[in-house]
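> All chains should be modelled from the sequences, with the hints used to inform the complete structure.
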Amino acid sequence: MIALLSSMPFELNLILSCLSNTRSREITGKTVIRGNLSGIDVLLMFTGIGKVNAAHATTCVIEKFPVKKIINLGVGGVYPGSGLNIGDVALASKEIYGDDGVFTAKGLKGMKEIGVPLVQNGRKKYFNEFPITPPPLPSPTKGGIFKVKSGSFVTVSAATGTQKGARELEKRFHALCENMEGAAIAQVCTIYRIPMHEIRGISNIVGVRDKRRWNLKLASKNCQRVVVDAISFPA
Numbered sequence: 001m002i003a004l005l006s007s008m009p010f011e012l013n014l015i016l017s018c019l020s021n022t023r024s025r026e027i028t029g030k031t032v033i034r035g036n037l038s039g040i041d042v043l044l045m046f047t048g049i050g051k052v053n054a055a056h057a058t059t060c061v062i063e064k065f066p067v068k069k070i071i072n073l074g075v076g077g078v079y080p081g082s083g084l085n086i087g088d089v090a091l092a093s094k095e096i097y098g099d100d101g102v103f104t105a106k107g108l109k110g111m112k113e114i115g116v117p118l119v120q121n122g123r124k125k126y127f128n129e130f131p132i133t134p135p136p137l138p139s140p141t142k143g144g145i146f147k148v149k150s151g152s153f154v155t156v157s158a159a160t161g162t163q164k165g166a167r168e169l170e171k172r173f174h175a176l177c178e179n180m181e182g183a184a185i186a187q188v189c190t191i192y193r194i195p196m197h198e199i200r201g202i203s204n205i206v207g208v209r210d211k212r213r214w215n216l217k218l219a220s221k222n223c224q225r226v227v228v229d230a231i232s233f234p235a
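Mapping the sequence shown onto our numbering, position 113 (from 1) lands on 113, and the numbers just tick up by one.
Calculated from the structure, these hints are not laboratory results. Don't take every hint at face value.
Stated by the list, open to error - Distance windows between CB atoms, simulated:
no. : residue 1 : residue 2 : range
1   : N21       : A105      : 52 to 60 Å
2   : E26       : Y192      : 18 to 26 Å
3   : V228      : P66       : 19 to 27 Å
4   : K124      : E26       : 33 to 41 Å
5   : G107      : S232      : 37 to 45 Å
6   : I114      : T22       : 38 to 46 Å
7   : N121      : C60       : 18 to 26 Å
To be verified - Derived DSS-like pairs: lysine-lysine, alpha-carbon spacing no greater than 25 Å straight-line:
no. : residue 1 : residue 2
8   : K112      : K124
9   : K51       : K109
10  : K125      : K109
Ideal Cβ placement from N, Cα and C applies to all residues, glycine included.
Rendered as structure tokens:
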């Protein structure tokens with residue numbers, strides 16, 4: 001079974017419309033929908049926004065269902081130097097907690113400054129960063145007119161709303177995309193040793209928040225097109 005997790009229902013609406021043999025249930029206030037997509041058993045869950053909701057939903061799914069892989073999908077913002085535009089799609093090669101650690105006189109230091117890892121699997125210690133295997137880039141025919149690019153994602157508790165903040169995070173983490181859930185899902189998957197992908201359609205350029213320039217519908221549509229290809233890829 002492959003679990004598809006998004007923070008909001010609209011981020012999974014197209015995939016849901018393609019499912020057969022659907023049935024739904026509620027788990028701790030969150031909707032879970034099971035179905036079949038091209039012969040693959042899939043589970044859809046709407047996590048809610050933010051790190052805690054995402055981690056809680058991921059844990060519930062893993063504990064209650066025989067999940068072999070998790071795909072976190074939805075919309076997100078790209079940093080100005082990413083080379084991507086609204087409607088393009090970003091694939092995570094790494095998830096980074098962007099605002100966890102210690103604020104010092106020289107700026108933000110990560111969890112290594114505290115000296116306690118968030119996760120330890122054997123000798124491997126994870127502080128702010130969790131590596132992710134991205135699915136293969138889709139062919140130009142499948143990708144259509146939008147671009148697809150992989151890179152580091154940054155998860156924040158407070159979305160960046162200034163050009164200065166966007167440039168700072170992009171430079172510090174050599175980052176491609178910003179979101180509010182991915183690192184929490186990656187952390188839980190690391191704990192349970194379950195592979196994951198993270199795929200996000202670009203709804204906006206990170207910086208000054210001007211929702212008139214956003215395109216959530218296009219971002220979600222293109223993201224889900226890439227996700228359908230990624231479902232059959234072994235993580």
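> Please go over all the hints and tell whether each is borne out by the structure.
Consistency of the hints with the structure:
1. At about 59 Å, the CB distance of N21 to A105 agrees with the hint of 52 to 60 Å.
2. Here the CB-CB span from E26 to Y192 is close to 22 Å, well matched to the stated 18 to 26 Å.
3. Remark: the range hint 19 to 27 Å for V228 to P66 is upheld by a beta-carbon distance near 22 Å.
4. Remark: the range hint 33 to 41 Å for K124 to E26 is upheld by a beta-carbon distance near 36 Å.
5. At about 43 Å, the beta-carbon gap between G107 and S232 stays in the expected band of 37 to 45 Å.
6. As the Cβ distance of I114 to T22 is approximately 45 Å, the hint placing it in 38 to 46 Å holds.
7. Against the hinted window of 18 to 26 Å, the Cβ-Cβ separation of N121 and C60 comes to about 21 Å, which satisfies the hint.
8. Pair hint K112 plus K124 holds up; C-alpha atoms about 13 Å apart against a cutoff of 25 Å.
9. With a CA separation close to 20 Å, the supplied pair K51 and K109 stays within the 25 Å bound.
10. Simply put, K125 and K109 have alpha-carbon atoms about 17 Å apart, close enough for the 25 Å limit, and the pair holds.
Consistency with the previously given hints is maintained throughout, with no hint failing.
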